[in-house]
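**Student:** At position 300 of the sequence shown the residue is numbered 300 (the working numbering), and the sequence of numbers has no breaks.
Do not rely on the hints blindly, as some may be mistaken.
Restraint ranges, calculated between C-beta atoms of paired labels, are given here [as the list claims (entries may be wrong)]:
1) D85 with Q155: 22 to 32 Å
2) A302 with A147: 47 to 57 Å
3) S145 with S95: 40 to 50 Å
4) S150 with D280: 37 to 47 Å
5) D78 with G266: 22 to 32 Å
6) S95 with T176: 28 to 38 Å
7) E73 with G125: 20 to 30 Å
8) D290 with P83: 18 to 28 Å
9) T238 with Q186: 21 to 31 Å
10) S145 with T238: 20 to 30 Å
11) G204 with D250: 50 to 60 Å
12) T238 with T50: 21 to 31 Å
13) E205 with A87: 29 to 39 Å
14) Q301 with Q155: 44 to 54 Å
Just so you know, the hints here were simulated from the structure itself, not pulled from any lab data.
Where is the CB? At the ideal position from N, CA and C, for every residue including glycine.
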Amino acid sequence: MEVWFMKKIYLLLLASMTAIVLAACGGGGEEEQTEEAGNGEGGSELGQETIEIPYVEWDSEIASTHVIQKVLETEGYDVEITPLDNAVMWQSVASGDTDAMVSAWVPLTHGDLYDEHESSLDDLGPNLEGAKIGLVVPEDFPVDSIADLSDEAGQQVTGIEPGAGVVQAAEDAVETYDNLEGWEVQTSSSGAMATELGQAIDNGEEIIVTGWTPHWKFQTYDLKYLEDPEGVFGEAETINTLAREGLEEDAPRAYEILDNFYWETGDMEEVMLEIEDGADPSEAAQNWIDENQDTIDEWLQASE
Numbered sequence: 001m002e003v004w005f006m007k008k009i010y011l012l013l014l015a016s017m018t019a020i021v022l023a024a025c026g027g028g029g030e031e032e033q034t035e036e037a038g039n040g041e042g043g044s045e046l047g048q049e050t051i052e053i054p055y056v057e058w059d060s061e062i063a064s065t066h067v068i069q070k071v072l073e074t075e076g077y078d079v080e081i082t083p084l085d086n087a088v089m090w091q092s093v094a095s096g097d098t099d100a101m102v103s104a105w106v107p108l109t110h111g112d113l114y115d116e117h118e119s120s121l122d123d124l125g126p127n128l129e130g131a132k133i134g135l136v137v138p139e140d141f142p143v144d145s146i147a148d149l150s151d152e153a154g155q156q157v158t159g160i161e162p163g164a165g166v167v168q169a170a171e172d173a174v175e176t177y178d179n180l181e182g183w184e185v186q187t188s189s190s191g192a193m194a195t196e197l198g199q200a201i202d203n204g205e206e207i208i209v210t211g212w213t214p215h216w217k218f219q220t221y222d223l224k225y226l227e228d229p230e231g232v233f234g235e236a237e238t239i240n241t242l243a244r245e246g247l248e249e250d251a252p253r254a255y256e257i258l259d260n261f262y263w264e265t266g267d268m269e270e271v272m273l274e275i276e277d278g279a280d281p282s283e284a285a286q287n288w289i290d291e292n293q294d295t296i297d298e299w300l301q302a303s304e
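Please model the entire structure based on the sequences and the hints provided.
**Tutor:** Structure follows, in C-alpha cells:
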C-alpha cells in the first residue's frame, strides 16, 4: 500500500510539472505573437496586418503612394496599392473598401468629391502644402495672362483625364473668359499631356497645358503659369491624407505614420523625376527614403 501511495504522489507531481512546462511554452508563444503584432520604435500596435491604399495615376500620386508604401512596410505591414479613377478612389476609402489615400487635392481639384464624402472620411490634414493648378506654358510663350489669349496654340488647351479637377477648371475658364470664346479643352491623360508638352518645346511650337505643382516637368523644362485674374483656378492647394473611419482603432501604428506623413514639393519632384527618367516607382521611392532618413524618422516618431 505504501509503495502504491508513493507512486501515486510521484505521478501527480510529474503531471503538475508537465502542465507548468507546457503553460510556460504556451505563454512564450503568446508573448511572441504580441510582439509580432506590436510596434516598432516604441510606436502604437500594428493592428490589422494589411493596409490597402488606392491612388490616382498622376505622377505626383504615384510618387507619394510608393513612398508611404515603403515606409509602412518597414514597420511590418503588408501594403497593397491600387491605381483607380478619381471618383472610385474616393468612394473606396469612404466606404471602407480600402484604408487610406495620400492623394486628396483640396479645396479645388477634388473639391466636389471631398464635399460628397467628407462625412465618411477621417481627414488627417496636408501631407504637402503649396500645391497649385492652372494653365502652363513654356517660359518664352508670348502671353503672360489668360485674359490676353487670342489665337495662340490653335485655340486649344491640352488637358489630362476627363473629369480631373484641373480639366474642369480649364473648361470653366473657357466659359468665364470672354476672350476664350471658340477655344476648347482637349482631354487625354497626364502622360500624353507631358509627351505633347515635350514635343512642342522641342519643335518650338506653342502649347498650353493643364498643369499642376508638384510635377517633374517644372524641373525638366522652363515653364510658367499664365496669370488668372478671374481666379478660376483658385489659390494654392494642399494634398491631404484621408483615412477610412475606424482605421485609427484597427491599425493604430499605420494611422500614426499616415498622420505624421509630410514632405515638401522638392521632395516629391525628386521621386517623380527619377521615375520619369526610367526608374521603377518602388526603386525611386526607396532611393529617396535612403537619402532622407531624418525625414523618415520624423514620420516614424511615436505620438506623445
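**Student:** Each hint needs a verdict: does it hold in this structure or not?
**Tutor:** Quick rundown of the hints versus the structure:
Separation of D85 from Q155 is about 29 Å and conforms to the stated range, judged on CB atoms against 22 to 32 Å. Distance hint check for A302 and A147: the Cβ-Cβ separation is about 51 Å, which falls inside the suggested range of 47 to 57 Å. For S145 and S95, the hinted distance range of 40 to 50 Å is satisfied, since their beta carbons lie about 43 Å from each other. At about 44 Å, the beta-carbon gap between S150 and D280 stays in the expected band of 37 to 47 Å.
The hinted window of 22 to 32 Å between D78 and G266 holds, with their beta carbons roughly 30 Å apart. For S95 and T176, the hinted distance range of 28 to 38 Å is satisfied, since their beta carbons lie about 35 Å from each other. Checked against the hint of 20 to 30 Å, the pair E73 and G125 passes, with Cβ atoms roughly 23 Å apart. The supplied range of 18 to 28 Å is met by D290 and P83, whose beta-carbon atoms lie about 25 Å from each other.
Our hint of 21 to 31 Å for T238 and Q186 holds, since their Cβ atoms are close to 28 Å apart. The given range of 20 to 30 Å is respected by S145 and T238, whose C-beta atoms sit roughly 25 Å from each other. With their beta carbons about 55 Å apart, G204 and D250 fall inside the hinted range of 50 to 60 Å. Separated by about 28 Å at the C-beta atoms, T238 and T50 satisfy the suggested range of 21 to 31 Å.
Between E205 and A87 the CB atoms are about 34 Å apart, so this pair conforms to the stated range of 29 to 39 Å. At roughly 52 Å, the beta carbons of Q301 and Q155 sit within the given window of 44 to 54 Å.
Violation of the numbered hints given earlier is absent; every hint is satisfied by the structure.
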